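*Asks:* Protein chains in written order, with UniProt numbering: chain A, 1 to 527; chain B, 1 to 109.
If you are wondering where the hints come from, they were derived from the structure by calculation, not from laboratory data.
These figures come from a predicted structure and were not determined experimentally.
Warning: the hint list may mix true and false statements.
To be verified - Some, not all, of what chain B presents toward chain A, calculated at C-beta under 8 Å:
1. Thr45
2. Pro50
3. Leu55
4. Tyr61
5. Gly93
We treat Cβ as the ideally placed atom computed from N, Cα and C, and that holds for glycine.
Next come the chains, spelled out residue by residue.
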Amino acid sequence: SHSLREMVSAALKQGQITPTELCQKCLSLIKKTKYLNAYITVTEEVALKQAEESEKRYKNGQSLGVLDGIPIAIKDNFSTSGIETTCASNMLKGYVPPYNATVVQKLLDQGALLMGKTNLDEFAMGSGSTDSVFGPVKNPWSYSKQYRERRRQKPHGENEDSNWVITGGSSGGSAAAVSAFTCFAALGSDTGGSTRNPAALCGLVGVKPSYGLVSRHGLIPLVNSMDAPGILTRYVDDAAVVLGMLAGHDPKDSTTVQDPVKPFTLPSLTDVSKLCIGIPKKEYLVPELSSEVRSLWSKAADLFESEGAKVVEVSLPHISYSIVCYHVLCTSEVASNMARFDGLQYGHRCDIDVSTEAMYAATRREGFNEVVRGRILSGNFFLLKENYENYFIKAQKVRRLIANDFVNVFNSGVDVLLTPTTLSAAVPYLEFIKEDNRTRSAQDDIFTQAVNMAGLPAVNIPVALSNQGLPIGLQFIGRAFCDQQLLTIAKWFEKQVEFPVTQLQELMDDCSSVLENGKLASMSLKQ
Amino acid sequence: GSGRITAEMIEHLERLALVDFGSREAVARLEKAIAFSNRLHAVHTDGVEPMESVLEDRCLYLRSDDVVEGNCAEELLQNSHRIVEEYFVAPPGNIPLPKLDEQEPVLHS
């Protein structure tokens, strides 16, 4: 394994590399990969200061643990004390929170180094990371040797750069930051798939924990009944380390459960013969599913079967309505949540001063993009007195049927479900923007949002490269609060598929390749 | 319904939402969103209770209503554009937005 615990943290502990050196390498890569637009704010000074403190701890033999001295990044919809938090919106440009989100505080308490705040779709509404006021995020794989070599064989002589592919979203900045080796872990958020979708398209592990396991205090809310902080890493073990640190009750978030959580290390499964893997084939085998994803999905099922696991076809009869149900609940909660942005206490304020109402309206017109305004208007429509029962309550009823479908499947003895994460590998930006945000989200969240409706844990595992040289991932879905079991199975699967490392020009140009997990220890040992 | 949005509905929603449609396309997008949502009506939900939260089966913790932190008024006021002493300043209230026909034409022509 090339995980944090075994490689990077060990190298730090043994003094083969110092936190400051590690931090500087990541900062230099952030500068070299600036064109990806992964970061909205780079917190260079903060990171270097934290690295210095971490270095002192290591010297005194008082390291705080696996994450001490490890560079991380945070999606720019988590509040960070004294550091601008924008949600990639004009509405919050210049907003400096006076406190840290609980998850941010927990990572800092472990000695992690904050490299910066990452780009996203405005207010996390989107599936491409293309709808940010700071511009779209580019997928690092667009510039990988794997993708470029395959493009070269194409007959058209297009401009190289116009072929760049999207990261997926909405946590695309966090995904690009980890994928380009500028940090080892990043926080995203996941309301309908916003962590798993970019993880799939950027070749990363992306975890959406059980609803209620991880605090949302300080995460600027989108849909309170579904929002979850997400974790993006290159390896399952790393995600488990981070999840173990973040999980647990927070007095500042009444929706976190009080069951005690211990930091967990994942056992290495050697025998999967006692496992039962459910395949919701009928509902997930949609016509839009690309043949490559379909074939990898079926190969993955065969792999479990050949290793002795019981692989069964299961049915989730209401799941085809899930995306519609999600749309109604999401826009309704968004309409309610976005009411807080009025220009008075924080955020953007327009110059109009004739009346409070006029000031509110103009502030919100200037502050929100078209996508956000559209969702607020839709939500207000569904919440109208005459529509409330027919749309909002109706959607809440369908939500129960969807959640029950999962309960029934797990009660029948299934340990985890195996599904695709996305319909296909990442598409070029120019192709992606041909459809509007709502249509895109309805397509791209199709396999992921039902998990949020039911509050279950799920993880994307990168599996293989497409014919184009771009990552494809699969999703495992677990029982509520069985996150550790889910990740244990995911780790076994990760080991079998041996997903390749991104070959980035920036890494080959200089010695930054020490950052490629797995090379860190060997290279520094030789020095 | 046909999914068509009337001018009255547009005005009503704009007032409630305090954002405007701004263009014919935005209205068309809402119409599409409603048509999409109408698919829900094909699901039989007789006797099904609405689900508000997946944690409905357990007691959630509420902390006691004690002040544990505070004295941060100055810090909080720093994020506001208009303040006087310790107050947020709003323009005059109780003035409704202009009626539809008093507004400058945007799309209601």
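*Asks:* Now tell me, hint by hint, if it's right for this structure.
*Replies:* Hints versus structure:
For threonine 45/B, the suggested interface contact is upheld, since its CB lies about 4 Å from the closest CB of chain A, less than 8 Å. With a cut of 8 Å, the hint placing proline 50/B at the interface with chain A holds, because the nearest CB-to-CB distance is about 3 Å. Look at leucine 55/B: its Cβ gets to within about 5 Å of chain A, closer than 8 Å, so that hint holds up. Hint status for tyrosine 61/B relative to chain A: holds, with the closest Cβ pair at about 6 Å, below 8 Å.
For the restraint placing glycine 93/B at the interface with chain A, the shortest Cβ-Cβ distance is roughly 5 Å, inside the 8 Å limit, so the hint holds.
Violated hints are absent here; each numbered hint is respected by the structure.
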